[in-house]
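K.L.:
Here's the letter readout for the chains.
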Amino acid sequence: MTIYAQPRFLPGGDRYMLIEFGNEMNLELNFMAQGLAGAIRENKVGGVIETAPCFASMLVHYEPDDISFADLQTEMQRLIGSLGPSDDIELPSRLFYFPTVYCDPWTKAAIDDYTAKINPEKEYDPDFVARLNGLSGAEQLVRVHSGTEYWVASLGFWPGLPFMMALDPRCVITAPKYNPPRTWTPQGTVGMGGASTAIYPVATPGGYQIFARIPVPIWDPKQRFDVFADSICLFRPGDRVKFVPVSVAEFEEIERQVADGSYTYNVVEYQKFSVAQYKHWVSRLDRTKRF
Amino acid sequence: MIEVIKPGLETSVQDWPGRIGFWNQGFPPSGPMDSWSFRLANVLVGNAPGAAGLECQYLGPTLRFDADAVIAVTGADMAPKLDGVAVPLWESVAVRAGQTLALGPAKLGTRAYIAFSGGIASEPWLGSRSTFHQAGVGGIGGSALKAGHQIPLGAGTGVAGRRVKPEARPPIHGDKRWDVEVCAGPNDDWIDAAGQERFLSADWKLSGKSNRTGFRLEGPEWTFAEKAYNKGPEHGSLPSNIIDHGYPLGAINLAGQTPIILVSDGPSMGGFINPYTVPQAAFWKLGQSRPGDIYHFRLVSVERAQAMAREMKALCTEASII
Amino acid sequence: MATEVRTMTAGNMWKVLVQPGDAVTEGQTLFIMEVMKMEVAHESPAAGTVTAVHVAEGAEGLDADQLVVEIG
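Residue numbers (the numbering used here), protein chains in the order written: chain G, 1 to 291; chain U, 292 to 613; chain X, 614 to 685.
It should be emphasised that the hints constitute simulated quantities derived from the structure, not laboratory data. There's no promise every hint is true.
[Unchecked claim] Using 25 Å as the maximum straight-line C-alpha spacing, the simulated DMTMM-like pairs for lysine to aspartate or glutamate come out as follows:
1. Lys-398(U) - Glu-647(X)
2. Lys-522(U) - Glu-90(G)
3. Lys-398(U) - Glu-673(X)
[As the list claims (entries may be wrong)] Partial pick of chain U residues on the chain G-facing surface, computed with a CB cut under 8 Å:
4. His-424
5. Gly-452
6. Ala-459
7. Asp-535
8. Ala-542
9. Leu-590
10. Val-593
Glycine is no exception: its CB is placed at the ideal position from the N, C-alpha and C atoms.
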């Protein structure tokens, strides 16, 4: 498992380049990907149509009539070289608090449906994930999963769907994916696959282990709330999320507020995320202790 | 304005190159699967090649025109009729107010395209009129066409009686076998030498469980190189699992042992490898093939694939019109 | 007078809901095709008795306009 000394530049058909920074889940690699995306924007690199950063990589969509794969690689190498160490990176970063029901009835219904129709051997996801990670049970899973802020590393698979990484290393959990995947997942489900946490913006098929649900939209084509002023997707890469455990009754009350438009998003917008300070904090944690 | 009398199986407004610039929020480009036929239809009616038109799939729509228009139908042969009289494909045709255009089931090919002089003037959404109906994005009210929909048209200067030279049209056929170009990568090094050989020599059958989100293929097993097994647990447990990464449009995504070609409405990222990618210039073959058809993949260089796209772009111009 | 019910589109035969000898009403679903993961129901245009069924459930790669059910 490595951070590559030199990134790899891989062709994707005639119009795409995949840049791999490493092959591990490491926030460093995502900071590099987001840093490069920013540098491409600032430098207005000719021939680049758009970029999509991911955990340890970045996809570049380019126009071959304007730039060749080889010249694009040269330009990317130059920009990566000029970025400097990732420690220097500071990114404006909003923080969202979401009320969250853990071990909720709606994801249980989806799991029960899967067990009845597709794979009767499937263990109930919260118990399964707790057991695989050496936790004492679903209750500890809730403490550990909700005990950290999550970093939005990328968006995709479905419009507006965020892929997030735990910022507190004491709260890192991993989970395998469903095989075969579920055919449906309730909107607002919180789940995990590999070492990433995702929120399903709408009901879609999916393969993540699921164990919680939020009543707050992260996707709003009608843009009914202020937070959607610039887009119908709530998130940008570099946002952070904190899941706040609540009861089903509180969930339903917030659902009502969302429906009548009176809900106010809990978002903190004055902070800048400093990679250097983050690394300093991490270095002083006792990683042998879980919540 | 055009009224939708019958919507057909799944007919939608699309433009070319589709919804671009939102890949990092998870929006697929959408757009027509056979952009060769689509662009030529627009050129026939005097539009820019990428103007918004209709993509018809398997079974076409019935449309009533409440104003004069100039249209062209290209791609699959759905036996288009204007007030019951056959309309030629690959030719611009005058339509009078009050006439009804009816397309039936595709007899040859799968997807037909209807261009309207002036283009479709529906509300653009994030810069494009293309429809991604699964997410309620674009098109008419975010969906494929429904009976009763009203489709607004722009003002056009199209002229009837223009034809596409036969040699400039995509060679849509009913042989049920297609040679489909692919480029190696991004993740071809995850497949062992025998697996690469097998992929390029095998017959791959297009499964019925295919649509604009993905074209599922049936064929032999894949075998993997060492790096598919010797990787950190966060990649996932299957050999074809990888840390989630961006998916190129046209990627042949290996979900377990099932290859799925990610097409116009497909996912933008995920946790499976993409050993090969279908280039843009070969998409028309995907768009005009049917479940049960056999694909045989032919390796081409990135440069050759780029040249093919340039050649196709040059064909989708006035130079192909007589 | 025999009524022929044909496939409206190319696709696969997902479900065949009648067999020869069944009485059917106008509008009753006779068979359902699957195309692009969508269900395309085919209804009887008339009341009558099914005299023949030419395509089996699960048949793949059907063309449009293929004869499936005859009603007498």
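K.L.:
State for each hint whether it applies.
P.N.:
A quick look at each hint next to the structure:
For the proposed pair Lys-398(U) and Glu-647(X), the alpha carbon gap of about 17 Å is at most 25 Å, so the pair holds. With a C-alpha separation of about 31 Å, the suggested pairing of Lys-522(U) with Glu-90(G) is violated against the 25 Å cut-off. For the given pair, Lys-398(U) sits about 17 Å from Glu-673(X) by alpha-carbon distance, which is consistent with the 25 Å threshold. The restraint placing His-424(U) at the interface with chain G is violated, with a minimum CB-CB distance near 12 Å, outside the 8 Å limit.
For Gly-452(U), the interface hint is violated, the least distance from its beta-carbon to any beta-carbon of chain G being 32 Å, above 8 Å. Because the beta carbon of Ala-459(U) sits about 20 Å from the nearest beta carbon in chain G, more than 8 Å, this interface hint is broken. Because the smallest distance between the Cβ of Asp-535(U) and any Cβ of chain G comes to about 6 Å, under 8 Å, the interface hint for this residue holds. The interface hint given for Ala-542(U) holds, since its Cβ lies 6 Å from the closest Cβ of chain G, which is under the 8 Å cut-off.
Interface hint status for Leu-590(U): violated, as the beta-carbon distance to the closest one in chain G is roughly 12 Å, over 8 Å. Against a cut-off of 8 Å between C-beta atoms, the interface hint on Val-593(U) holds, since the closest Cβ of chain G lies about 5 Å away.
The structure fails hints 2, 4, 5, 6 and 9 (numbered hints given earlier, in ascending order).
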